[in-house]
Amino acid sequence: MSKISDLAKTFEQTSRTEAASIEQQTKADLETLRKNINEALKQSEQ
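Take the sequence shown: its letter number 36 is residue 36 in my numbering, and every next letter is one higher.
If you're looking for bench data, these hints aren't it; they were derived computationally from the structure. Don't take every hint at face value.
To be verified - With a straight-line cut-off of 25 Å between C-alpha atoms, the simulated DMTMM-like cross-links for lysine to aspartate or glutamate are: (1) 35 x 23; (2) 9 x 23; (3) 35 x 45; (4) 27 x 39.
Unchecked claim - Simulated restraints on C-beta separations: (5) 6 x 41: 47 to 57 Å; (6) 13 x 46: 23 to 33 Å; (7) 34 x 11: 26 to 36 Å.
A virtual CB, placed ideally from N, CA and C, is assigned to each residue, including glycine.
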């Protein structure tokens, strides 16, 4: 039973790490898009 428990804990930790990594990348991607949109809006107003 402890092997199954260990596997479950490892899976949980890996999942949390992956989720955090995806969240950070998504935030960075959204920030880049926001900057690009704002720049495009500024240029279209000129």
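Evaluated hints:
In summary, the hint linking residue 35 to residue 23 is supported, as the alpha carbons are separated by about 18 Å, within the 25 Å threshold. For the proposed pair residue 9 and residue 23, the alpha carbon gap of about 21 Å is at most 25 Å, so the pair holds. Between the alpha carbons of residue 35 and residue 45 the distance comes to roughly 16 Å, so the proposed pair stays at or under 25 Å and holds. The suggested pairing of residue 27 with residue 39 holds, with an alpha-carbon distance near 18 Å, which does not exceed 25 Å.
Our hint of 47 to 57 Å for residue 6 and residue 41 holds, since their Cβ atoms are close to 52 Å apart. Hint check: residue 13 to residue 46, Cβ distance near 51 Å, so the stated range 23 to 33 Å is violated. A hinted range of 26 to 36 Å for the beta carbons of residue 34 and residue 11 is consistent with their spacing of about 34 Å.
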